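For the record, the sequence lines run as chains A and B.
If you read the first sequence in this note's numbering, its first letter stands for residue -6, the second for the next number, and so on.
If you read the second sequence in this note's numbering, its first letter stands for residue 877, the second for the next number, and so on.
Treat the hints as calculated values from the structure; they're not laboratory data.
For clarity, every value in this text was computed on a predicted model and none was experimentally measured.
Even for Gly, the Cβ is constructed at its ideal location relative to N, Cα and C.
Wrong hints could be hidden among the right ones.
As the list claims (entries may be wrong) - A short, non-exhaustive set of chain B residues, derived as facing chain A with CB atoms under 7 Å:
#1 Leu932
#2 Gly1110
#3 Thr1127
#4 Val1130
Residue-level listing of the chains:
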Amino acid sequence: MSCVLGVALLAACAGGGGDDQDPASDGAGPASTARTVDPGAPVSDQPIPHLNVGLAGKVTLVDPAENMESGLFVNQLGLEPLLRIDPEGRLQPWLATGWEQVSDTVYEYTLREGVTFWDGTELTAEDVKYSWDHLRAPESRRANYFATVDTIEVVDPYTVRVTLTQPDASWQYTPAMWYSVIFQKKFAEQAGDAFGQPGTLLVATGPWKFDSVNPATGMELSAHEGYWGGKPPVDRISIKAFADDNSMALALRAGEIDITPTVAGPTGFDAAAGGNTVTTVETCANTLLSIPTQSEPWNDVHVRRAVAYAINQDDIIAAAQGAAAGPAEHLISRRLLQPLGSDEEIDAALDGVQTYPFDLEAAEAELAQSSVPDGFGYDLTVTAASAAMAEVIAAQLGEIGIDITVAVLPDTAYYAALGEDEKPFTFFQTGPCSPDPSWASLFMDTDEAGQPVGLNFAEYAPPEVTQLLADGLLEQDPKERLGIYAEVLTHLGEDVPYVPLYAEGNTYGSTDYDLVEFSSFWSNLPWVLNLVPE
Amino acid sequence: MTEAAVTAPRQLTRRRMKSRPPLLIGLCLGFMALVLLVAVFGEALAPQDPSQQDVLGSLAPPSAEHWLGTDGLGRDVFSRMLAGARSAIMGPLVIAVVAMVCGNLLGLLAGYRAGLVDSLLMRWVDLMVAIPSLLIIIVVAGALGGGYWLAVALLTILTIPTDARVMRAATLEQVPRPYVEAAKTLGVSNGRIMVRHIWPNIAATAVANSVIIFAGSLVAIAGLSFLGLGAAPGTPDWGQMLSENQPLLFTNPVASIAPGIAIALTATAVNLIGDWVYEKMSRRGAAR
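Excised from the complex, chain A in its bound form (with noise of 0.2 Å):
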């Protein structure tokens, strides 16, 4: 999996369940099953004495407020969070019993009873409370996710209440999600500012506790005797930095490691590997090519329309070599809209919006009625490792007239360019979403101005969408839900602003284990709870 502004901006990936593809095996496996065990415990009880993962990057350090790309998908092994989302975007129990909706704004959690940290101390709702104040800390990255929480309350030792300043539905999966994982307060607070960071760690409560962390050659893990789930099958996990996919692939063919969750390219790393080691599964995440709306002549929605109708998906997924899952139709993907209803009414509410199927014709049709109708030149502004993928979009622009530079910014430029006033024409992956559609609005963030903000590129702000995204997130009843994502759809097919390039899928890459339930939300638990011989 390669995130490319996703992981960097939202961090790690997460998603939907449903049509899940298996390129090595041809059909559902594993991966595409839910855990069918008790909260806590290992799908496979086989023991394993020690795992060596490969993960491509470094893991700088595991405070969870700070964390990026890698270090997020071994934390999940230590850190966890009060709920599991199953593959179908449903809550389930893991450190929290039960969830509770008090009002519309009032939200309390009951806590496991018994759960102990790696020190044997018990996990209370102190805990919990401290966790995610240091998460919604104005300088912790992850603040933006806790953005409508007033206060967090203790009410009893195991009794946890959110008081949200608005209705806000997306919050009900806050508390499954990575960026809500809990910690030990006493061990944060005698750490103070060393929190998190490779000397110092951190105290959990997951089946795996950090030993080590060496950010150029990776991590060292060992079973939590005391888990709550019960005694962890693996004792010892060794997590591996590698530069490259190719790298990692030659190093699972070797031996040097049984398993990695985050390949990239899996038609590459699969061939380097030896072939049949690789698992792809659809997320709810889409790549998105990324239009600036408020520059010239990209401000003419006739260019934009002619862009989305020269685009060849088919091309562009042949191109993603493995890594995308499917076509894209919309911005918000289908996956994300089913918890609010059936397939019959998602397909009602979708009926009336406007898609872009490849077509030259229409798109050259657009581009005569736009302001530039003998065509334009523009650059297509994307780091290394898109290259490829731009030269592609680059071709089927060509042949409507517009004539695309690919520009290859290192990534610390190309994220400063993303920051400047005239965003650039770009696409991205979009990676981590939560099962609810208001993820989406991250794309059409605006500041109370209504100026378009945070990863808003496309600096879409009509007031209008903005007025629906904010009902979306005050309307608690689903059906009413989904008839306000599907006008936010209908706007976004007029305007286009975005045009989805394909649904990204997560890969990981094995000889030896199968990972159950690598949905998009694999990355949200101690995924190695879920790894089975095969």
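Given the coordinates of chain A, work out where chain B should sit on it, guided by the hints.
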């Protein structure tokens, strides 16, 4: 028949054989002639459009249709190899020629005039030579966004001092010689002495050095393209292909190996030809 009459044809044959390049050099010359031909006419010779994508036909192994298979975007690797020869040759040629002209002039000037001119030029050369060239190029090209001609310009600037230093040393060796003293005595201008009298005697060094610069630049530009700081994405370029096709090492290995072999063979051939030319010119110079 006299003895002389019998031996003369044999001596003639031996002399002719000596003047012919050895087999290895002949192969190198033939190879470079081919590379130059492809560099000039590569796009026209390519059996397919080097930029034409066929994504659904990507990663095809070598076949009658695609001699070296296809890359990740379904482009014909053989056609891209042919088209890529131009950027492989053009940049190093520009660097070698510009560095030779500038470096020779500066080296001659420093070596011949000596004194303050020599000191100033050589301290500048010392400064430039002390800079880790490749690192500076990576930093500057990275900061300015990269690009093939930027890489060529940076390499040229950083190569001139090296050439100037070599040519200065060669000039210093010539300056005390009687023919230079004689020219001075006859009132020949300094410029004429440098260009018409000294330079022909150090031309072998100049040519050999330029050939080395050419070969080094070929590898350096390919390296910069490999790092994404040379040719633009999508451009048929051997270094770029090496980088783009690296992930294909296990799907279509030829796609990533072929440009590497082309770079290595071209650099080797140029170096061997340079050595041979140097020997030949030195021998001729010594005979004179």
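Original post:
Against which earlier hints does the structure fall short, listed by number upward?
Top reply: 4
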